[in-house]
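Q: Spelled out, the chains give:
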Amino acid sequence: MNADRPFINQPRGGLDLGRLRRLTLKELRETLRDRRTVVTLVVMPLLVYPILSLIFRTFLLSGAVATPSDKPIVYQFALESDVSDEECKKAFGEIKHDILMLEAARAPMIANYLDLKSPAIGQFNDHKFSVADVKEETDFVRSVVSSNEVDAGAILHLGGTRADGNDSATQSSVRKPIRIEVVCNLSNSLSVQAADYLRDHLEAVNRSRMQARGVLDQTALLIEPIRIDAPVKMKPAISFGTLIPFILVLMTITGAVYPAIDLTAGERERGTMEALVAAPIPRMRILFAKFVAVLTVAMLTATLNLIGMLTTIWAFQFEGMIFQSGKFSLIAISQVFALLLLFAAFFSAVLLAVTSFARSFKEAQAYLIPLILLSLAPGVVSLAPGLSLSGPICLVPLLNFVLLARDILQGQISTTPAIVAILSTLLYATFALAIASRIFGTDAILYGSHESVKDSLRRPREPQAVASPLTAIFCLTCLFPANFLAISILSRLADGDMSVALAVMAITTVLFFIGVPLLFAWHQRIQLNSGFALRWPRPVPWLAAIVLGLSAWPISIVIITATQYLITFFGGSEMGAAWHQRLIEGGQDFVDSLRKIPFYVVVLTHAVIPAIAEEWFFRGFLLQSLLSRSKSALGPILISGVIFGAFHLLTESVIALDRLVPTTLMGIMLAYVCWRTQSIVPGIFVHVLNNATVVCLPYFDKELQTVAWFPFKGDQLPIAWISALLALAAAALGVIYLATRSTQRRCED
Amino acid sequence: MPGLLACGGHRLPQMRSLPMRNSPQIDQAMIRVVNLCKKFVSRDLAIQAVDHVSFNVSPGEVYGLLGPNGAGKTTTMRMILGLLKPDSGYAEIDAIRSDLAADEIKRRVGFVSANAGTYQWLTAREILCFFGDVYGLPLERIEQQVNRLTELLGLRSFLDQRSATLSTGQRQKINLARALMHDPPIMLLDEPTLGLDVVGSQIIFDYMQMLCRDNKAIILCTHRLEQAQRVCQRFGLLHHGQMVHEGTMDELREQTGRDNLVDIFVSLLRPEVGLLLDCGGDLSATEVRP
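Those sequence lines, one after another, are chains A and B. Reading the first sequence from the start, the letters are residues 1 to 749 in my numbering. Reading the second sequence from the start, the letters are residues 1 to 290 in my numbering.
So here's chain B without its partners, still in its complex pose:
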C-alpha cells in the first residue's frame, strides 16, 4: 500500500538554511532568532507564548531577555536550544537551525534553567563528571574541565560533598559549572540567580562578565533588573510573547523616554497592574504576576 506511506505524513521542513552563511553583517551574530512563534493549546485555551520574536546575539555579548512572568522568555530559550519546536520562525546558532539539528545546537550551548536542581545524593565532582559523560567528553578532558572549573568558580571547598548538604548558592555554582563542562561558546542562562541572596547573585553576575570576556555569547533571563542593566550589553523586552523594545540601554532610553530598566518595566506593566505600581514597588525584588 504505497498510499499508506505516501499520504498523510507531514513534509519535512526544507533544509536549505543549514549550511548557508548569511550576510557579513549578520555573520557576526552567533545566535539568530528569526520570527519565532509558539502557541500552547490546551483544550479550551490557546496561549500565544511567543509571537514573532527576532533578535541576534554576537560572541562576547550578554543579551538580557527581560520581561514579566509569562512573557515567553523561557519558551524562547527552549526553542533556541531545540527543546521545543517553534510553530513558525526559527532560531539558529552558528548557522545551524535548532529545529532541524537539535543535537548540534546542544553541543554548542550551556544551559542553566530557572528551576535547575542537582542530584542530591551525588557530590559536586560526580555531578560534573556525569555531565561530562553526558556531553560525550573524553575521560581526560572531563578531569581537566573539573579542575579548571573548580578553580574558576571556587568549588574546591565542597567538591566532594554530597549536594544535599550544600547551600543554594553553592548548588547554583555547581549548575553553572555543569553547564560549562563542555566549554560551550554559548550560554543560555534562565534565572541563574533564582533563590540566591545579593552576594550569591553578585558572584554569578561576576562570572558572567568573565564568560563574556571569554568571547562567549550569552542570553540571560532575569528579574534582577539593576544587575542586568550592569552586565548586559543589549536587551530585549518581552511582553505577552512579543518583543516590545529591543536595543542597547541608550536605545531603550530613547525609545521609552525612561532612565532605567525598572522604570521601563513599570511603564510597560502599568496598563495592566494599574495603581498597584504607583505606590513605587521595587520590581527587582517583587515579582509581578499578570
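Isolated chain A, as found in the complex:
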C-alpha cells in the first residue's frame, strides 16, 4: 500500500468505559429529547397519584361513613377470656355451656352478659362473635385484630391485671372484678370505631347491670382500651402494601416501553440500524448502551413515581396502611428502590429482547401488548390477600418482586425467599439481555429473512421434511396450558377414582402429545418419517437402548440424594429431613394408590403410553424441528431436555419442583439417543423400560424383600450397585455413540 494510506483505526482490546459512557449518553440524549418520553416521565406521576389517592380516599371514607338508615354496620368482634369456668360461674351466675368455645352461636354466655345482642342498641344488632380458646392460643384477640380479621376485640381478665387472672383458679374463693381490654387497630378507622362502640357499650351495660342485679354488685368491669397499630390488610379488597409496589412496577414498565421500542425497532425504522451494524463494534456493546439508557429512563420514571406516590401518601396520611411502623421508613423505601432497580433491569432486558425482534415501531408495539398483558397477570395475582413469598412463587418474575417489596414495606422480610427472588430476577435479566444481544441487529432481522409467525401458520404448498421451529414452538405453547387444563378438569371429573383418573391421563396424553402434533403435521404437510424421526434402528443401538432403559433409573436416586444434601447444606438438617420425609410420604401415597390397580394397567398408563406419546412429541416433532435449523446438536438437545423437564413440572395439578432436574436429565439423555440413532424408537424403549422399572420396584416392594439375592431392601440402596448400574448406563450410551458413528458421518457429508 502507498505511504499516505488512510488511517485505519486499530482494534482495541478490553472495554473502554469512557466510550461506553459516551455511547450511552447518545442513547439517553436521543430518548430524553423526545417529548413522548418526557410526557410519560413527568406528567404521568403528576396526574396518576392524586387521582388514585382521591379514589382511595373516597373509597375509604365511604367505608367509614356508612348511612345507618340503609344498612347497619356490622362489626365483628373477637372475645378472649382467661377467666376459668369456675370463676365465670361465680361472676356470671348460671352457666349452661362452656364459655371458651369457638363458635359464637354456642357461646351465648358472654354475649348475654355483655348484652351485645340487645335490641336496644338499634342498628348495631347484628354481630358476629369469635370466642377463642385461650388455652391453646394466647394473644388470639391481638392477632386477629392486627391482621384485621375482626374489627375489634375484648379480652376478659379476672382481677386487676392479666397475671392475676392466671392465678385465678387457685384463688377461687375470692370474687374478683373482671377487667376487660378492648383491642383495636389504629391504622384501620373501622376498627377504631368498632372499639369505641364496644367500649361505650360495655360501660353502659356494666352500669345497668350493676344497678339492676344484685349478683354482680361485687363485680366491677374495668374497661381499658388497648390500641394496637397494625397495617391494614383488608380481607376482601386489595392490600395496600401490595398495591404500591404493583403500581410502581406498572409505572416502571410504562417508562421503559417507549425508549425500548425507540432505540431498537425505531432505529431500524429510521434507517440508522444498518449504519450501526456496518461499524466494527460488537453488537453487545451497542446493546448494552441501549440497555443502560432504557434502564435509566425506567429508573427516572420509577423515581418520579416514587416521589409522587410518597408525596401523595404523606398528604393523604396513608402511611399507616403501607409501612409496618406506621411512619415513613427511609430504609424500607431505599430497599424497595434498589429492588425496583433490579426489576427495571430485568424488564428493560426483556423489552429489548422483544423489541429487537421487531422490524418497525408498529411491529414492536404488537409484540409488546401481549407481553405487558402477560406481565399484568402475576401482578394481579400478587394482589390476592394471603399470598406469601415462598416456594415456587419466589421464581415467578414480577410476582416475586411485588411480594418482596410488600414484605419490605411491612417489615416482614424473610431471607431465603428474598435471596431466591433476587437471584432469579438477576438470572432472568442476564438471560434476556443475552437473547437480546443475539437478536439485535442480526441479518435475519435486518433483511427480513426470518419467518414471521404468520408464515409459520400458513399451509405450505410443498411437503416439509420437519416442522419449522416456530411451528414446533407454537404447537408447544398450545400443548402446555391445554394439557394442564385438561388434566385438571378431567381429574376433577374423575373425583378421586384412581382407575378413572388413569384412563383420563392416558387419553389426554395420547390426544395431546400424539394427536396435536399430528394435526400440525397434517396442516404443515410434514412428512411423518422425517418429521417424527420414525426409522427402524439397527440392532446394536436398539439393544443398547434396552440396557440403558434398564440401568438408568438410579440417576434419580443420585439426584434426590444430592438435592437433599444441598437442602441440608443451605437450609439446615431439619429442612433436608422434612423435604425427604415429604418426598417419601408422597411416594408412599402414590405407590399405595397404584397397588390397588392391576400391574399391567400400571405399566400401560405409567410407562408405555407416556413413553410413546412423549417421544413422539418431544424427540420426534420438537427435537427434529430444532435440529434442522441448528448447526450444532448440543443446543437443540439441551433445549428439548429443559422443555421436557419443565413440562413434567406442570403435569400434575401442583408444581413439583423435585422432578425438574431428574426429568430434564432424562430428556437430555433421550434427546441424545434420538439424535445419535436418528430415530425415536430406541428412545421409546429407553423411556418405557425406565418408567416401568421405576414403577415396578416400589410396586413389588414387598415381594422383592423376600427375594434373597435382590440387593435393594427398602431405603437401603448399596452404592456399589448404583455405581454398577450407572456405569452400565454410561456404557450403553457409549455403545450407542460408537454404533452410530458411521451414520452420523454420512449424515454430515
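The set of hints was computed from the structure by calculation and includes no laboratory data. Where a beta carbon is used, it is the ideal one built from N, C-alpha and C, also for glycine. Worth double-checking, as some hints may not be accurate.
[Stated by the list, open to error] Examples of chain B residues lying across from chain A (beta carbon under 7 Å, computed):
| no. | residue |
| --- | --- |
| 1 | L196 |
| 2 | Y207 |
| 3 | S267 |
[Stated by the list, open to error] From the derived model, a few chain A residues whose C-beta atoms are all more than 10 Å from chain B:
| no. | residue |
| --- | --- |
| 4 | T31 |
| 5 | A279 |
| 6 | A465 |
| 7 | M498 |
Guided by the hints, dock chain B onto chain A, whose structure is given.
A: Same frame as chain A, now just chain B:
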C-alpha cells in the same frame, strides 16, 4: 459425550486466503469480488439474489454497480461489507475476506445505504461524534475529523441543528460525513442520492470525484445513469443477480452496440417490460420494477 460436540457442527471455512497476496495484476485491486452467490429462501420461494458475480475495484476508481431494482446490487454490497454471508464465493478487501473477518472489513469501509436515516433528535455534530465512537476513534481524532468533514462537505451552517429540522440533502450530507468519519480507504455508496433533487445529487457526485482523487476505491449503486456515466470509470450491469455486462464505458459500447447507459438499460430490460419502454421513458427518472 464427545460425539455431541464433534458431530453435527459445520466445519469452519478454511482460512487460507486471509494472509495470502494474489498475483501482481490483481494486487492493484483493493476490492475483489469472486463468484459471489446468495440465495434467499422463504417458505415456498427461493430467489437467487446474486448469482456468481465477480469484479474488482482499484484505489482511485469509482465502480458503478448498476441494474434495475431487485438486480442484487444491495445484496452484493452487503456481502462485500460482511453484513450478509454469501452462500458461495467471497469478497475481499486488502486481501481480507469479508465472510471471515467482517470487523476488519468494516474498519476499512465507509457505507451509505439506500435508506440510511439520521438520528432525528441529535445534532449533526452529535451524530458524527457518535459514529466516531462507534468506529473506535480516539477523542482528539473525532474532533479533528468533525472539523475536517465540516469544511469538506460544508456542514458548518447546520452542524449544531437537530437533524429532524434539516432538509433531505443536508441529512444525506451528514450520512456521507458519517461514513467518512473513520477515513476509510473504501466507500460503498448505495443510492446516495435517493430522494435528492438535481442540485443535491450533483453535490454528492462532486464529492465522490473528490474522494476518488483522494485515492479511495468506491462502489456506487445508483439509478441516476447519466451522472453515473460521468463519475464512474468502470461499470458492472447486474440483472437477475447475474453480471450481464462489465467494463469501461467504451467496452460496454462495444459489447452492446449502444451509445449510453440509458440505452443499454433499455435493451437489457426490453424483453421483460416490452412495449412500455418503446414509448421512450427516461429511466433515470422513473424506476422500472421487474
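Q: A separate judgement is required for each hint: does it hold in the structure or not?
A: Verification of the hints:
no.	hint	in the structure
1	L196	15 Å, violated
2	Y207	16 Å, violated
3	S267	31 Å, violated
4	T31	8 Å, violated
5	A279	4 Å, violated
6	A465	13 Å, holds
7	M498	40 Å, holds
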